[in-house]
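A.B. asks: Line by line, the protein sequences are chains A and B.
Heads up: the first sequence is residues 1 to 300, going by our numbering.
Heads up: the second sequence is residues 1001 to 1342, going by our numbering.
Calculated directly from the structure, the hints in this document are not laboratory data.
Every residue, glycine too, gets a C-beta built ideally from N, C-alpha and C.
Some hints here could point you the wrong way.
A few chain A residues that don't get close to chain B, going by computed Cβ distances all over 10 Å [to be verified]:
1) D4
2) Q67
3) W125
4) K130
5) S131
6) A137
7) V140
8) V149
9) P151
10) N187
11) M190
12) V223
13) R224
14) S225
15) P291
Straight-line alpha carbon distances no greater than 16 Å define the calculated EDC-like cross-link-like pairs of lysine to aspartate or glutamate that follow [stated by the list, open to error]:
16) B:K1320 - A:D4
17) B:K1129 - A:D102
18) B:K1129 - B:D1052
19) A:K45 - A:D102
20) A:K45 - B:E1130
Just a sample of chain B residues kept apart from chain A, beta carbon distances all over 10 Å, derived [what the hints assert, rightly or not]:
21) L1038
22) S1047
23) F1140
24) A1218
25) A1315
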Amino acid sequence: MDLDALTGCLASSACLVTQTTSGFIIGMLLFLVAVGLTLIFGVLKVVNFSHGAFYMFGAYFAMTAYQFTGSFALAMLCGAAGTALLGLAFERVFMSRVYGRDVLMQLLVCYAFVLIFDDVVRMIWGPEFKSMGMPAAFQVMPLFIAGGVVPPYYLLLISVALVAAVILGLGLSRTRLGKVIRAAAHNPGMVSALGINTGLIYGGVFALGGMLAGLAGALAAPVRSLTPGMGFSVLIESFIVTVIGGMGSILGALIGALLIGMIRSFGSLGFPLFTEGLMYLFMVIVLVSKPTGLFGKEVA
Amino acid sequence: MTEMQAEQAAKVLDVSHIQAKPRPHRDALIALAVFVVLALLPMIFSSKFLLDFVIRCAAYGLFATSLNLLVGYTGLTSFGHGMFFGLGAYSFGLMMQKTGVPVPVAFVAALAITFAVALVIGAICVRLKEIYFAFVTLAFQMLIHSTILSWVSLTGGDQGLRGGIPRPPFLGIDLSNHLHLYVVSCALLVIGLFLMHQIAQSPFGYTLRMIRDNATRASFIGIDVWRAKLTVFVLAALFASTGGIIMALFVSGAYPEFSYWTISGEGIFINMLGGVTTFLGPMVGTALFLILNDTVTRVTDYHGIVLGIVILFFAIGLRKGLMDFVVEWYVQRRERSGERAP
Chain A
1 MDLDALTGCL ASSACLVTQT TSGFIIGMLL FLVAVGLTLI FGVLKVVNFS HGAFYMFGAY
61 FAMTAYQFTG SFALAMLCGA AGTALLGLAF ERVFMSRVYG RDVLMQLLVC YAFVLIFDDV
121 VRMIWGPEFK SMGMPAAFQV MPLFIAGGVV PPYYLLLISV ALVAAVILGL GLSRTRLGKV
181 IRAAAHNPGM VSALGINTGL IYGGVFALGG MLAGLAGALA APVRSLTPGM GFSVLIESFI
241 VTVIGGMGSI LGALIGALLI GMIRSFGSLG FPLFTEGLMY LFMVIVLVSK PTGLFGKEVA
Chain B
1001 MTEMQAEQAA KVLDVSHIQA KPRPHRDALI ALAVFVVLAL LPMIFSSKFL LDFVIRCAAY
1061 GLFATSLNLL VGYTGLTSFG HGMFFGLGAY SFGLMMQKTG VPVPVAFVAA LAITFAVALV
1121 IGAICVRLKE IYFAFVTLAF QMLIHSTILS WVSLTGGDQG LRGGIPRPPF LGIDLSNHLH
1181 LYVVSCALLV IGLFLMHQIA QSPFGYTLRM IRDNATRASF IGIDVWRAKL TVFVLAALFA
1241 STGGIIMALF VSGAYPEFSY WTISGEGIFI NMLGGVTTFL GPMVGTALFL ILNDTVTRVT
1301 DYHGIVLGIV ILFFAIGLRK GLMDFVVEWY VQRRERSGER AP
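In isolation and in its complexed conformation, chain A is listed as follows (with noise of 0.2 Å):
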């Protein structure tokens, strides 16, 4: 406990400052992973416990195609394309497989290629720490915000989540594609009788949950330290944050993260060893007085 800590943060513009884009990037990222688990989860009712495995093979993706190209711009695509199409192989060949039967099973699915994902890249990248280092484009002077020092690649992370949030947001709401996965959410046999092929929407919308999972984790690159196992801790506060909004919304999702980066940053500040019991205590009160979390609807 350091509440003095806490309170003298809270009175200087610049420690705020400071705190609240760590707390923003912590959160952003995580919205990338969990938006991801809670499309899945709306559209195929299964819970991809996997999904960390996408961040991961994200980080290293990027990180590899960085190292080759040398460009940044690359490697964000190459984060993102790899692991949606690794969403599509896995969901067209394994968990298309497990639809509709008991949880046990989905779970055990996932599990083991939680193992295999792991030891592949072991495998490939070694068991080592590796950090693929800011790129070039953005070693510049940190912008100074009301004292608080701001490095401009936060800034990018943070307008690439939003622009990503905004476009799912919209897709989902305004566009045909859009309408028919949630149509397919709802009432996968009756799309299935107007033609449409919902394998196929399946299979796009793990994609797609691959791919955000996989851009999140290419945006962490530059920041944080890659290693063999990274996804799994981000798959539980991703977890947390979609019950914490309730599974199944994007604006839940949304400010769930946000909740929690917030939650993380702050209360390191004020309870350095009890940053990740805040998460659960928060978590816990969401689930005791409102089980279906913040923008849930009730499942039927």
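Position chain B against the provided structure of chain A, taking the given hints into account.
C.D. replies: Chain B alone, transformed into the frame defined by chain A:
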């Protein structure tokens, strides 16, 4: 799928009728016989490797069988059951290291701590729908794991409880003696299995099956579903904790891995391997899993890949555990001889 099989089996064997009668005396005799056989084993095979294997079977077996009470009997797919394994190991180890009380006292105290923690976590979790239940239990497991890692002054952080757990002799039993430890582990295993079998065959056990098959109907006929689920959650936690205590005694310490989520994953895998429709399925699964794990770790560094493929083979290919096949084979044989007989 599993329910249908169970129903089929029940129809053919008429087991629903037979099993409804709890037979504690017969079970106690069987348990005693198994214990005597296990206890006499060192006289015939004195290899340390075999005894170690049985001790590990006891630790993991209690854990996996208690998980089956949740998964197989109640339909509660817990993905955080390993937290009680770790909790048992740590609370027992800490009791012995910090307070120096006799072993039985520490044992009871560790169970009491597990009871309290399981009651709180269960009260929050058992209301949740299945996938939520799986993940929220997993989240609590990660909470316990991260607490153990960050509370360095008490738990030693990622180094675990170092320096060994003192094991002073009590009632003529010296747990630092390998043979004594072996016999005590066997006793705990047999007693634990016996108690869990009694729970599974009791009217309460049948209430659990009913909740699994149709919770709405169960609540219509006046069963307090929440209370029943919470009760079995806490009971299962106590047995898992006992497994953890055996593990702590065996390795003379406790490590953060005991509370890591992979333990829960292994528990689920063991249940899948052995099958959740029979009481002894998880025990068979435990033995298979330990043999598989030992072999694979010896052969390759990448045992995750091999285990993953085996899991996929069982989950997507076979779709049921080994004991399920045994039961099926038995039922078919009965059917065939039944056709011939009359």
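A.B. asks: Indicate, hint by hint, whether the structure satisfies it.
C.D. replies: Status of each hint after checking the structure:
no.	hint	verdict
1	D4	20 Å, holds
2	Q67	24 Å, holds
3	W125	13 Å, holds
4	K130	18 Å, holds
5	S131	21 Å, holds
6	A137	36 Å, holds
7	V140	36 Å, holds
8	V149	27 Å, holds
9	P151	27 Å, holds
10	N187	20 Å, holds
11	M190	24 Å, holds
12	V223	21 Å, holds
13	R224	18 Å, holds
14	S225	16 Å, holds
15	P291	7 Å, violated
16	B:K1320 - A:D4	57 Å, violated
17	B:K1129 - A:D102	13 Å, holds
18	B:K1129 - B:D1052	39 Å, violated
19	A:K45 - A:D102	11 Å, holds
20	A:K45 - B:E1130	12 Å, holds
21	L1038	30 Å, holds
22	S1047	31 Å, holds
23	F1140	7 Å, violated
24	A1218	18 Å, holds
25	A1315	4 Å, violated
Going through the hint list in order, the structure does not satisfy hints 15, 16, 18, 23, 25.
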